[in-house]
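Assemble the whole structure, with the sequences as input and the hints as a guide.
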Amino acid sequence: MKKTAVAATLLSSSIVFHSSACELHAGMGNMQFGFQHPMMQQHLAAAKEPLISLNIDRKHEVTKLEASAVPLRFTIPSNYKEVSVDVMASDGVTLLSPQRFALVSAKGEQAISFQAKEEGTHELVLKVYALKKNVPVTYTRKVKILAS
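In terms of the numbering used here, the sequence shown opens at residue 1 and continues consecutively.
What the hints contain is simulated information worked out from the structure, not anything from laboratory work.
None of these values were measured; they are calculated from a predicted model.
Any given hint could turn out to be false.
[What the hints assert, rightly or not] Okay, the calculated beta carbon distance ranges per label pair:
#1 Glu61 - Pro38: 42 to 50 Å
#2 Thr121 - Ser78: 34 to 42 Å
#3 Thr121 - Asn55: 20 to 28 Å
#4 Ser90 - Pro38: 45 to 53 Å
#5 Asn55 - Ala102: 12 to 20 Å
#6 Arg73 - Ala46: 24 to 32 Å
#7 Met40 - Arg73: 19 to 27 Å
#8 Met40 - Asp86: 16 to 24 Å
#9 Glu49 - Gly120: 37 to 45 Å
[Said to hold, decoys possible] Within a straight-line C-alpha distance of at most 20 Å, the following computed SDA-like cross-link-like pairs (lysine to any residue) qualify:
#10 Lys127 - Thr75
#11 Lys107 - Asp57
#12 Lys59 - Lys133
#13 Lys133 - Glu49
#14 Lys59 - Glu109
#15 Lys133 - Ser84
#16 Lys144 - Met88
#17 Lys117 - Ser90
#18 Lys142 - Thr94
#19 Lys142 - Asp91
C-beta: ideal position from N, C-alpha, C; glycine also.
In structure tokens, the structure reads:
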């Protein structure tokens with residue numbers, strides 16, 4: 001009788017243990033990673049597409065009435081087309097470079113020339129327009145100009 005009770009207890013506990021494996025290890029056998037485990041989920045994640053990289057100084061110190069330039073460094077992935085930049089200057093700043101230009105190469109640097117007419121804090125705003133898989137996207141970058 002004791003042997004039967006012990007055997008029944010062992011059998012029922014092994015069934016409960018086997019059927020209650022966590023979802024992180026379930027279904028793969030031999031206690032490997034299951035489909036819900038983060039190590040397996042990383043393989044199922046959608047690939048991230050690269051974004052346009054725009055690097056420009058956030059702050060630029062200049063002397064009043066002296067021509068100056070700030071470089072815009074960019075990298076454009078192949079899934080972007082028709083990339084153009086609009087530059088808007090606040091009052092007190094005159095643009096010496098074109099107000100609108102296109103970025104035709106995949107990687108490069110474009111200088112944005114300007115002149116501060118007055119002392120104080122001014123701003124350049126760059127709006128970058130592009131098509132990503134025929135969907136319009138816009139990026140904005142700002143440069144604070146400190147004129148003395």
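Right, here's what the structure says about each hint:
With their beta carbons about 47 Å apart, Glu61 and Pro38 fall inside the hinted range of 42 to 50 Å. For Thr121 paired with Ser78, a C-beta distance near 39 Å keeps the hint of 34 to 42 Å intact. Checked against the given bound of 20 to 28 Å, the beta carbons of Thr121 and Asn55, roughly 22 Å apart, stay inside it. Checking the proposed 45 to 53 Å range against Ser90 and Pro38 shows it holds: the Cβ atoms sit about 48 Å from each other.
The beta-carbon spacing between Asn55 and Ala102, approximately 18 Å, falls within the hinted interval of 12 to 20 Å. For the pair Arg73 and Ala46, the supplied restraint of 24 to 32 Å holds, since their beta-carbon distance comes to about 29 Å. Look at Met40 against Arg73: about 39 Å separates their beta carbons, and that is not inside 19 to 27 Å. A hinted range of 16 to 24 Å is violated for the C-beta pair Met40 and Asp86, which are about 46 Å apart.
For Glu49 and Gly120, the Cβ-Cβ distance of about 41 Å falls inside the hinted range of 37 to 45 Å, so the restraint holds. For the hint linking Lys127 to Thr75, the alpha-carbon distance of about 15 Å falls within 20 Å, and the restraint holds. Between Lys107 and Asp57 the CA atoms are separated by roughly 17 Å; this keeps the pair inside 20 Å, and the hint holds. With a C-alpha separation of about 33 Å, the suggested pairing of Lys59 with Lys133 is violated against the 20 Å cut-off.
Note on Lys133 and Glu49: the hinted pairing holds, with a Cα-Cα distance of about 11 Å set against a maximum of 20 Å. Distance restraint check for Lys59 and Glu109: the Cα-Cα separation of roughly 18 Å lies within the 20 Å cut-off, and the hinted pair is therefore satisfied. Between Lys133 and Ser84 the CA atoms are separated by roughly 16 Å; this keeps the pair inside 20 Å, and the hint holds. For the given pair, Lys144 sits about 12 Å from Met88 by alpha-carbon distance, which is consistent with the 20 Å threshold.
For the given pair, Lys117 sits about 11 Å from Ser90 by alpha-carbon distance, which is consistent with the 20 Å threshold. Distance restraint check for Lys142 and Thr94: the Cα-Cα separation of roughly 16 Å lies within the 20 Å cut-off, and the hinted pair is therefore satisfied. Straight-line distance between C-alpha atoms of Lys142 and Asp91 comes to about 15 Å, which keeps the hinted pair within the 20 Å bound.
Against the hints set out earlier in the document, violations occur for numbers 7, 8 and 12.
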